[in-house]
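Colleague: Given the coordinates of chain L, assemble chain C onto it according to the supplied hints.
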Amino acid sequence: MNVSVQLFARARDLAGSERVSVDVPDDATVGDVRAALVREYPALEPIASSLLVAVDADYATDSKRLEQGQVVACFPPVSGG
Amino acid sequence: MSESGMVRLTREEIDHAALLEEVRTHQAGAAVLFLGTVREMTNGRQTIALDYDAYPEMAIAKMQSLCDEVLERFPLTGVRVEHRLGRLELGDVSIAVAVSSPHRAAAFDAGRMLIDRLKEEVPIWKKENWADGTTEWVHPGTTESAPPKVGQREDSRS
Chain L
1 MNVSVQLFAR
11 ARDLAGSERV
21 SVDVPDDATV
31 GDVRAALVRE
41 YPALEPIASS
51 LLVAVDADYA
61 TDSKRLEQGQ
71 VVACFPPVSG
81 G
Chain C
1 MSESGMVRLT
11 REEIDHAALL
21 EEVRTHQAGA
31 AVLFLGTVRE
41 MTNGRQTIAL
51 DYDAYPEMAI
61 AKMQSLCDEV
71 LERFPLTGVR
81 VEHRLGRLEL
91 GDVSIAVAVS
101 SPHRAAAFDA
111 GRMLIDRLKE
121 EVPIWKKENW
131 ADGTTEWVHP
141 GTTESAPPKV
151 GQREDSRS
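Here the protein sequences line up with chains L and C, keeping their order.
Okay, so the first sequence: first residue is 1 according to UniProt numbering, each after it adds one.
Okay, so the second sequence: first residue is 1 according to UniProt numbering, each after it adds one.
Isolated chain L, as found in the complex (with noise of 0.2 Å):
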C-alpha cells in the first residue's frame, strides 16, 4: 500500500516537503514506514535514529501494523512550550 506521511519541523526541512509517500507491504508495521522514509528520502538520514510516528494523532511503536486510510506523522523530538 502507499502511505502518506506529514512530516513537521527538521524533518520537512531536511525532506524538502510537508508532505511525502512511501509504498510499503500491505502488513507493512510503522517500523517499515520509517525505515522506508529514510530510505526514500535519505536527507532524513541525519535524524532517523530519533524520528517519532504518530498514527491517527497518537505516539505509535514501531511494532504497530498500519491499516489503510489511517492518518501517518512523522517529526523529530518535540519542544513547545
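Heads up, a few of these hints could be off.
Example chain L residues on the side facing chain C (calculated, C-beta under 8 Å, incomplete) [what the hints assert, rightly or not]: (1) PHE8; (2) ALA9; (3) ALA43; (4) SER50; (5) ALA54; (6) GLN68; (7) VAL72; (8) ALA73; (9) PHE75; (10) PRO76; (11) PRO77; (12) VAL78; (13) GLY80.
Label pairs and their calculated CB-CB ranges [what the hints assert, rightly or not]: (14) ASP116(C) with SER21(L): 41 to 51 Å; (15) LEU35(C) with MET1(L): 44 to 54 Å; (16) PRO25(L) with ALA49(C): 39 to 49 Å.
For the record, the hints were derived by calculation from the structure and aren't laboratory data.
Glycine included, every Cβ here is placed at the ideal spot set by N, Cα and C.
Modeller: Below, chain C alone, put in the same frame as chain L:
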C-alpha cells in the same frame, strides 16, 4: 485558531489574565498561572526570535488528554492551557497554563506536571533565530546540529 474544551492553539498574543480568570471559581482557594516566555540568551547564544510550529490535531488531542490526566490526579476546580504558534519576539508569552484548586499544593503540582509533560509529549516545535543570522530547530536529544553542552540540555529547551 484551534480549540477544544480546556486547550487552545493561537497565532495571536495570549491573553493570560483572561485565561487565569477562566479557572477562578468560588470553589477555588488557589489559582496558579505559569507563563513560558521567549528568552534572549541560551548557552551563551543570543536569540532574536522563535518560530513555533505544531501538528495541530495531535497537539490539541495531547494537550486535552494531559488536562484530563491532571483532573483525575488532583482535586482541581479549573484547568486551561493555551500555546501560541508562529513568530514570537523576545519576552513574548509562548505558553500559558492556568489551574485552580481548593488548596495551593494541588494547583502548584498540577501546573508543574502540565508544563513538564507538555514539553515532552505535545507535538509542537520551536526554531531558534540566532543573532548571527542562523536558524536551528530545537529537537532535544538529537545529536545533530550544534548539540547543547552536556548538562545544559534543560536550559536549551524552555
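Colleague: If a hint holds in the structure, say so; if it doesn't, say that too.
Modeller: How the hints compare with the structure:
{"no.": "1", "hint": "PHE8", "in the structure": "holds (5 Å)"}
{"no.": "2", "hint": "ALA9", "in the structure": "holds (4 Å)"}
{"no.": "3", "hint": "ALA43", "in the structure": "violated (12 Å)"}
{"no.": "4", "hint": "SER50", "in the structure": "holds (5 Å)"}
{"no.": "5", "hint": "ALA54", "in the structure": "holds (6 Å)"}
{"no.": "6", "hint": "GLN68", "in the structure": "violated (19 Å)"}
{"no.": "7", "hint": "VAL72", "in the structure": "violated (11 Å)"}
{"no.": "8", "hint": "ALA73", "in the structure": "holds (6 Å)"}
{"no.": "9", "hint": "PHE75", "in the structure": "holds (6 Å)"}
{"no.": "10", "hint": "PRO76", "in the structure": "holds (4 Å)"}
{"no.": "11", "hint": "PRO77", "in the structure": "holds (5 Å)"}
{"no.": "12", "hint": "VAL78", "in the structure": "holds (5 Å)"}
{"no.": "13", "hint": "GLY80", "in the structure": "holds (3 Å)"}
{"no.": "14", "hint": "ASP116(C) with SER21(L): 41 to 51 Å", "in the structure": "violated (36 Å)"}
{"no.": "15", "hint": "LEU35(C) with MET1(L): 44 to 54 Å", "in the structure": "holds (45 Å)"}
{"no.": "16", "hint": "PRO25(L) with ALA49(C): 39 to 49 Å", "in the structure": "holds (44 Å)"}
Consistency with the previously given hints fails for numbers 3, 6, 7 and 14, ordered from lowest to highest.
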